[in-house]
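**Student:** Here is how the chains run, residue by residue.
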Amino acid sequence: MDFVKQLQSPTLAFLIGGMVIAALGSELVIPEAICTIIVFMLLTKIGLTGGIAIRNSNLADMVLPAAFAVVTGIVVVFIARYTLAKLPKVKTVDAIATGGLFGAVSGSTMAAALTLLEEEKIPYEAWAGALYPFMDIPALVTAIVVANIYINKKKRKEVAYSIGQESFSEQLVAAGDYPDQKDYPSSRQEYLSQQKGDGDNRVKIWPIIEESLRGPALSAMLLGLALGLFTRPESVYKSFYDPAFRGLLSILMLVMGMEAWSRVGELRKVAQWYVVYSVIAPFVHGLIAFGLGMIAHYTMNFSMGGVVVLAVIASSSSDISGPPTLRAGIPSANPSAYIGASTAVGTPVAIGLCIPFFLGLAQALGG
Amino acid sequence: MDFVKQLQSPTLAFLIGGMVIAALGSELVIPEAICTIIVFMLLTKIGLTGGIAIRNSNLADMVLPAAFAVVTGIVVVFIARYTLAKLPKVKTVDAIATGGLFGAVSGSTMAAALTLLEEEKIPYEAWAGALYPFMDIPALVTAIVVANIYINKKKRKEVAYSIGQESFSEQLVAAGDYPDQKDYPSSRQEYLSQQKGDGDNRVKIWPIIEESLRGPALSAMLLGLALGLFTRPESVYKSFYDPAFRGLLSILMLVMGMEAWSRVGELRKVAQWYVVYSVIAPFVHGLIAFGLGMIAHYTMNFSMGGVVVLAVIASSSSDISGPPTLRAGIPSANPSAYIGASTAVGTPVAIGLCIPFFLGLAQALGG
Amino acid sequence: MDFVKQLQSPTLAFLIGGMVIAALGSELVIPEAICTIIVFMLLTKIGLTGGIAIRNSNLADMVLPAAFAVVTGIVVVFIARYTLAKLPKVKTVDAIATGGLFGAVSGSTMAAALTLLEEEKIPYEAWAGALYPFMDIPALVTAIVVANIYINKKKRKEVAYSIGQESFSEQLVAAGDYPDQKDYPSSRQEYLSQQKGDGDNRVKIWPIIEESLRGPALSAMLLGLALGLFTRPESVYKSFYDPAFRGLLSILMLVMGMEAWSRVGELRKVAQWYVVYSVIAPFVHGLIAFGLGMIAHYTMNFSMGGVVVLAVIASSSSDISGPPTLRAGIPSANPSAYIGASTAVGTPVAIGLCIPFFLGLAQALGG
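Chains A, B and C supply the protein sequences, listed in that same order. For the first sequence, the positions run 1 to 367 when the working numbering is used. For the second sequence, the positions run 1 to 367 when the working numbering is used. For the third sequence, the positions run 1 to 367 when the working numbering is used.
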């Protein structure tokens, strides 16, 4: 019953609608320029929301839980990188994107937890809800950076391999058999000249992080975050970015549904791994956050209700902020993998199993 | 007085504004990507409105009037196809598009009728207003399908003719005079190979219907209809698709005004036929619906007020849902023909003459 | 304190944000189709606002002050054309665009003046605020026309020069050395044939004015103005163009910030002239309007409060309507010049110095 209701929510409805019309062979096309501006507006809005929430929160009180939220968001991505991605035939970028989505936070899952805490009369800090951007944004940034590092390493390997392969042809070039060098791949040229300077074969991490932060997705999100933190964008946020959010998201979900449909076949041999991951991961992520929350509970008097909130936002996976960010930040990742894992399994597990579990755990420990 | 007011409504004002700036040689251009997304949003909204209205209505009560609305919507298109389109020099696609617009429903004409019924204290079913999508959407779908069937048949004839013409050149090809066959039209190649399989020369209707339904216009409208019927898109409908509708429509009307201006010359020799059609058609369409409504009156106790509503929505022609749908669905049709017929003649006739006529008829028969 | 608040306003915040992310090398791109439609919507909205304000105002009462507002708006542009543009190394188009921005009106500067007048209990006509479109729109139109005349004259000179240069090559052509004339610049051909008809070398002004009015920027603004004046677009204005304005402006300001950053280097040798102009111009413009206002005061009994309003809107420079108009109307002008001059110096001078100055002047003269 509740599951049907969930499927009828506009976000999911448009996603499924996109899959259905793609399956029926619709010729509907949303122009790329429109997708670009929608992604820009969605990510700017996500950044603005986070920035305004952080600016309005009392950082002194929440410094330790906030730091733990950041740590959890980052750790969740690395867990996916070194578990899900290592499973047979699972594509690494898909696994990293899935980790990013599970690190990001679902507002509605958090809202369900807050409602339940109030019903059970378990007290929690008023700012507990403001913890979510501290986990959400670092998780998505980490996923994009880690994916870009992986993609770069892979490219280098391929180039190195192709250099080995081409050694023979290079001798031919030297011998004058290929007088025309116009088609010489410039990227390899760059690589070779770079090699001279470097003197070694390691991928430099920092330039890739810089590159990721400069990409359109993280630029927009961090711009929104900075504007939310340091300026007063409330008027334009309330009149424009916030009201347009759900509507623009519905269009993008339709596009992602069509894209997901065209790539759903890739999941044939790996779907079971995504199911296994999506059932276990919410508990693992929640337990990490719960453990860190208990440290804050004993050292800073962080309430048990707050610990539950931290655990629940860790076990939740984003249906809202995540997909547009990952689509723009890791375009090669398969949306049917990461959205499928999060929406079809991760979110029901988080809402139906993790919330009662962490609530019970808190009552057992704290009561 | 009322006519001036009508012209000042935003929808018409932007249409006329577009014609004026086109006449003055403005270089204003609305990018095609923007027109595409506007059409998508308008048609999705039209579908959503219809779908939500149908979901919220009690289908059991209204099954017969709703079926009659569907029938009327379809019949209206075929009337235009076999009357207006047969008049000398009238282009068939323009006539079919005009039929689609006259089959579609004007919300404001319907609202005028409902107001008058209330003033005259003639009772009608509360769900009578919900009959409009049952006429509106089938009429537009039928128009697009019928136009595509016509265009396909015409192309086949031209190909067949050109084959006859080219038989001589084909002999030359066979004789080796045209060694380079790269430019051979692939569509004809397809046609020839298709011919082999078919063994006859008839146009297959079903693939064209499928093709029409898969096109961007009907995809978006039927997607909206399905989402409105089977999911709960109210939140995104109320916050996004509905409030943006009039504004986006104003931009598209401006574009259509500019397009209509550039093609108004085509109407020089046929304008009189459009005037004749636009004066007679509202009465004919209304009488068909009135007759069908009387059947429902005698068999299902459908109120006389409801019969009037059905007749009025049949005599009305759409200024809102129709133009964007037809622009996307039958791009070759001349907007100055169909919008001119509907706006300049059809709508004033429907509001000023048909509403009082059908009201009087109902009072004469039912009182 | 107030300066920091000003910088935190969404419009400026997004402008600075755009400069910062451009400086950091962000790869964020807003598609050109999106910029086009944003500019269209902003300029249509500016025109609609002006048109509706003029339609709702009692023109008979305000005819002289309104005429003086128009005169001031036009004069301001010519002042910039013959002072700022003549300073060493200042680019003429940049100077004209800056003049246009200083002729256009800042709504918030005007609001500050109206508030102060009320606090000081100085009476002014209720329609005084409606004077602003009479100065705003003529200033922007004049700037675009004057810039286009300048650009045309410059092109003619270059062509004339290149004809001199090419006389030798033309002899070669005549001698048969250049058999292929395909690449012959068509614009010069046009020029030559035009020369024959003209018989002289003067630039014709009227075709350039027509051309400017037909351009996308002024087309949209004048369309909005006409629709606001002659039709009833209030419903679509209130539901669409007005609420979307600030949000769309924020996106365009971001784009203009990125563009301004890439051209800020051009200002290195001329920045001091822009500072000098931006400090002096608000006083000069205000005094002209104040003088004209005094004429209306003595002849038509225009209140002293109204004279102050007229002077303040003349000394203000537009942060809202100006930038999008000039970006579309004079694309070659450097936004870091005109926005920098207006925002960084002109507006603070107008608010902080000109408002008290003209208020004191009115009290000294009128009290």
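The set of hints was computed from the structure by calculation and includes no laboratory data. Careful, some of the hints might be misleading.
Far from chain C, some chain A residues (derived; all Cβ distances over 12 Å) [what the hints assert, rightly or not]:
hint: 1; residue: L24
hint: 2; residue: V29
hint: 3; residue: I37
hint: 4; residue: S57
hint: 5; residue: V159
hint: 6; residue: T231
hint: 7; residue: D242
hint: 8; residue: A244
hint: 9; residue: G340
hint: 10; residue: L365
Coverage of chain C stretches by chain A, computed from C-beta distances (three or more under 8 Å per stretch; other residues unrestricted) [stated by the list, open to error]:
hint: 11; segment: 244 to 255
hint: 12; segment: 330 to 340
We put the beta carbon where it would ideally sit given N, CA and C, even for glycine.
**Student:** Return the numbers of the hints above that this structure violates; sort them in rising order.
**Tutor:** 3, 6, 7, 8 and 12
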